[in-house]
Amino acid sequence: MPAAPEAPSRRQAAPDPRARWQDALLAARLIAACGPRLGGIHLKGGCGPVRDLWLDAFQSLSGGRPVVHMPANIASDRLCGGIDLQATLACGQVVEDRGLLVRADGGTVLVMGAERLDATASAALCKALDTGVVESTASGHSTRTQVACIALDEAAEDEIGLGAALGGRLAMALRLDDIAWSAIRLETSAIVPEPPLDCAAVTISDSLVLTLIKAVGEESPRRLTLTVSLAKAIAALERRPSATLRDVLTALRLAGLEATEQDRHPADEQSGETPPPPPPPSADDAGQRDESEPRDVQPPDLMDVAVAAADIAGITLDARAGSTAARLPGAHGRSGEKRKNARRGRVTGVFERPPFAEARPDIAATLRAAVPWQAIRRAQRARDGLPETGRIILKTSDFRYRHYQDKRETAIIFAVDASGSTAFDRLGEAKGAIELLLADCYAERHHVGLVSFRGPGADTLLQPTRSLVRAKRCLEALPGGGGTPLAAGLRRATELAAAARAKGQTPLMVFLSDGSGNIALDGAPGRAKATEDAVASARVAASLSLKSLFIDIGRRGQTRGQSIADALRADYVTLPHASARSMSSLVKTRVTALTSGRERR
Amino acid sequence: MAFAFPFTAIVGQDDMKLALLMTALDQKIGGVLIFGDRGTGKSTAVRGLAALLPPIRVREGDRFNLDPDRPGEAGPEAPRKGARPGRIVPMPTPVVDLPLNASEDRVCGALDIERALTKGEKAFEPGLFARAHRGFLYIDEVNLLEDHLVDLLLDVAASGTNVVEREGLSVRHPSRFVLVGSGNPEEGELRPQLLDRFGLAVDISASRNIKERMEVVRRREAFERDPQGFCAAYEKEANAIRRRLKKASTMLDGMETPDDVLELCAVLCMRLGVDGMRGELTLMRASRAKAALEGRAHVTRADVIAVAPMVLRHRLRRDPLDETGSTTRVERALVDVTSTPDGHAGRA
Numbered sequence: 010m011p012a013a014p015e016a017p018s019r020r021q022a023a024p025d026p027r028a029r030w031q032d033a034l035l036a037a038r039l040i041a042a043c044g045p046r047l048g049g050i051h052l053k054g055g056c057g058p059v060r061d062l063w064l065d066a067f068q069s070l071s072g073g074r075p076v077v078h079m080p081a082n083i084a085s086d087r088l089c090g091g092i093d094l095q096a097t098l099a100c101g102q103v104v105e106d107r108g109l110l111v112r113a114d115g116g117t118v119l120v121m122g123a124e125r126l127d128a129t130a131s132a133a134l135c136k137a138l139d140t141g142v143v144e145s146t147a148s149g150h151s152t153r154t155q156v157a158c159i160a161l162d163e164a165a166e167d168e169i170g171l172g173a174a175l176g177g178r179l180a181m182a183l184r185l186d187d188i189a190w191s192a193i194r195l196e197t198s199a200i201v202p203e204p205p206l207d208c209a210a211v212t213i214s215d216s217l218v219l220t221l222i223k224a225v226g227e228e229s230p231r232r233l234t235l236t237v238s239l240a241k242a243i244a245a246l247e248r249r250p251s252a253t254l255r256d257v258l259t260a261l262r263l264a265g266l267e268a269t270e271q272d273r274h275p276a277d278e279q280s281g282e283t284p285p286p287p288p289p290p291s292a293d294d295a296g297q298r299d300e301s302e303p304r305d306v307q308p309p310d311l312m313d314v315a316v317a318a319a320d321i322a323g324i325t326l327d328a329r330a331g332s333t334a335a336r337l338p339g340a341h342g343r344s345g346e347k348r349k350n351a352r353r354g355r356v357t358g359v360f361e362r363p364p365f366a367e368a369r370p371d372i373a374a375t376l377r378a379a380v381p382w383q384a385i386r387r388a389q390r391a392r393d394g395l396p397e398t399g400r401i402i403l404k405t406s407d408f409r410y411r412h413y414q415d416k417r418e419t420a421i422i423f424a425v426d427a428s429g430s431t432a433f434d435r436l437g438e439a440k441g442a443i444e445l446l447l448a449d450c451y452a453e454r455h456h457v458g459l460v461s462f463r464g465p466g467a468d469t470l471l472q473p474t475r476s477l478v479r480a481k482r483c484l485e486a487l488p489g490g491g492g493t494p495l496a497a498g499l500r501r502a503t504e505l506a507a508a509a510r511a512k513g514q515t516p517l518m519v520f521l522s523d524g525s526g527n528i529a530l531d532g533a534p535g536r537a538k539a540t541e542d543a544v545a546s547a548r549v550a551a552s553l554s555l556k557s558l559f560i561d562i563g564r565r566g567q568t569r570g571q572s573i574a575d576a577l578r579a580d581y582v583t584l585p586h587a588s589a590r591s592m593s594s595l596v597k598t599r600v601t602a603l604t605s606g607r608e609r610r
Numbered sequence: 011m012a013f014a015f016p017f018t019a020i021v022g023q024d025d026m027k028l029a030l031l032m033t034a035l036d037q038k039i040g041g042v043l044i045f046g047d048r049g050t051g052k053s054t055a056v057r058g059l060a061a062l063l064p065p066i067r068v069r070e071g072d073r074f075n076l077d078p079d080r081p082g083e084a085g086p087e088a089p090r091k092g093a094r095p096g097r098i099v100p101m102p103t104p105v106v107d108l109p110l111n112a113s114e115d116r117v118c119g120a121l122d123i124e125r126a127l128t129k130g131e132k133a134f135e136p137g138l139f140a141r142a143h144r145g146f147l148y149i150d151e152v153n154l155l156e157d158h159l160v161d162l163l164l165d166v167a168a169s170g171t172n173v174v175e176r177e178g179l180s181v182r183h184p185s186r187f188v189l190v191g192s193g194n195p196e197e198g199e200l201r202p203q204l205l206d207r208f209g210l211a212v213d214i215s216a217s218r219n220i221k222e223r224m225e226v227v228r229r230r231e232a233f234e235r236d237p238q239g240f241c242a243a244y245e246k247e248a249n250a251i252r253r254r255l256k257k258a259s260t261m262l263d264g265m266e267t268p269d270d271v272l273e274l275c276a277v278l279c280m281r282l283g284v285d286g287m288r289g290e291l292t293l294m295r296a297s298r299a300k301a302a303l304e305g306r307a308h309v310t311r312a313d314v315i316a317v318a319p320m321v322l323r324h325r326l327r328r329d330p331l332d333e334t335g336s337t338t339r340v341e342r343a344l345v346d347v348t349s350t351p352d353g354h355a356g357r358a
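Protein chains in written order, with the working numbering: chain A, 10 to 610; chain B, 11 to 358.
Extracted from the complex, chain A is given alone in its bound form (with noise of 0.2 Å):
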């Protein structure tokens, strides 16, 4: 990866908080104006005045046209239609009720909580943005809807945010959150709805399309029709009959993409338009780069405009080959503990007993369990004397209930003894395996943290996170030496597991350590005291039922790391030989071992 850890900060320099408000006004008006042909915004960022100011500027814009609200957690029969139960009880017969995104036709869909969106509703939604059609979840009925959405994604900057599938599908990516209350200035009566626009007529120059393949790089080719439509909308609202660099260098911008210099400021600009000073860089470059993004990446000098301009078969764009594996957040198919009867999750079926106490039934299928016996109860209903109804009879014996299943995350976090006791021939071990581990954990969805500890105290190099690549990047430059502060390194591992807990994640700890603490946890040297902390620490962990589990890659055979592992009540495992590979295969069968059932709450 060629962006050092340190670029965001280099490249912060001019965020103008003016420049960035009016892009999202823009950014507006362009959705409001021809949103079914750009998919929407990916928004990021949490909720605040300005992202209000924002949303009710957007409601203007859009004049009388739908702007409507979809929780994240939304049932499937609410978004695309079911059965209407009371207007079905009341009539006796079926009446289908329109989903959300047919009430949205013509209009906006703002996903609230983006990052949370399941990938059911997600899916529905992208089918919805991809096709125009809705399909009823009932009958399969398809409803024509021409929707955009705008995705609020409040995910924490080192959290994962919205799915690569919808992410994928919206042409701008904005972040409003960082822009002060202050820098603002916004008249709501002075802005007058945006009407309905056609930018499928403008046009597009050659060089221009080149320009935006060279910024597009990598991503995916829907991203590049996405980016070409939007600088065409924007040359639409401005009513030019085609685009031109200022539009193309915009449309990046918003897009959350980079141009290169020599876009900028080409030479042979033949238009004679003035280039528009360099463009602040967009919101997400500004310190929230998150790992989930590939925008970081330098498009390389390969796509320089004179060399492609000069052979434009011969060259690919294999430059930046080596960063899909950093992207695709996708928020899907994590694996962790099942947890059955949940409230939210997956439909694992359908059931007559309620999965919990408060449970809604399921009307279809109450329903139709119904169904079959109204003819025997109205004869019953007759023969007891009672009037007549025309409603469907129910009983109790009908009801019948969704069960959830909701697949918790796992998050594993790493304690590596770094010391000099470990870490001169055993590191390189440990920091093979964990490597090892990581792309297992990229595969399974489990999200890693890595904590060091070393000299006088232990740190936390990575919050749990997704990011391959950025694990791999802190665990690289992890250096060695100096005294084994376990007792520190116990207890910020286990800050950590708390923390990934209360966020609805199963944690798993592993230390990597020879167990022998010499540094006490008020950074004093000295062992007997250190040994007794460290001791502490692990009971500590343990009272919060932490599940964890201590490799002991001391040299000799010793009684200390086992000491320990038994306050953490802990598996343990020596290592006194092993290369990193079959350390990698051991840890991974007690991940399995702990994350796959055994445990259950």
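What the hints contain is simulated information worked out from the structure, not anything from laboratory work.
Treat the hints with caution; some may be incorrect.
Below, in silico cross-link-like pairs of lysine to aspartate or glutamate (EDC-like), each with a Cα-Cα straight-line distance of 20 Å or less [said to hold, decoys possible]: (1) B/Lys38 to B/Asp79; (2) B/Lys27 to B/Asp161; (3) B/Lys132 to A/Asp407; (4) A/Lys440 to A/Glu485; (5) B/Lys221 to A/Asp215.
Use these hints to put chain B onto chain A, whose structure you have.
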């Protein structure tokens, strides 16, 4: 109805297009799994494919797409006494989407609530499995499909029959379809059983060729400006493919498979440790389909070599510590097999 982006207008991705056409030609090949980067036209290809396929013959009003030329194929609805069977009409080959959020009822069919409520009849409302019969069943993001739906799919895909035993209904109807799945492997693995149901697997990635990318943009633009005109412009190519499919299907009937081709299939599968006969059979069928699509009446070893990666790559046993991709392993085996004397280094 909106216009679908034409199959023939998709730039590049030849493997995917070939695989789809091969399964369209010979359903027994058993479906395609398309794994690869996002936004590379996976769904577009499948949705565009529908327009190329020849229509199927059905009886008017039949909700189970039964084949009138196969009287043995019986649906759950017995014809009413004295009623004459409906007219035979052409119907576009169904390409049915199975959405991730589909309910079990929608997929395999369930009690028809409407009729039950209004008429008190216990009737079966066919689901997606019935609609997909003799056509394609497409699942986008198949690796995210929920387990209870995968279970249903496994049974039906293997047996070709959908059996519904629920809510007092006992129904079975034929459901043979070409299963097409697409997804991004980094977001989750496919259950091995489901993997096995796919005949072919193609890996696709976004083109890195600037000229191709340019063409992607150009065509997409032209399509957005004038969908109808764009589709019409590609109609000629579509017709060519339709003719090719038709010709290929007649060729396939009379095609003989020489012994050296069968032997190569067997040697390759053995070499790669592919279990069971399914790999070999699919390899043979795919080779024949490829030859037929190219207008040749003879299948050669070169055909086998060309299709081997897409037939075998998803059937290899996985070794999690082996970094080598399965495609590379198939290619290596191909080199070994074709260059050793017992593999008859020959016409390849």
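Worksheet entry | In rising order, the numbers of the hints this structure does not comply with | As far as the earlier hints go, only 2 is violated by this structure.
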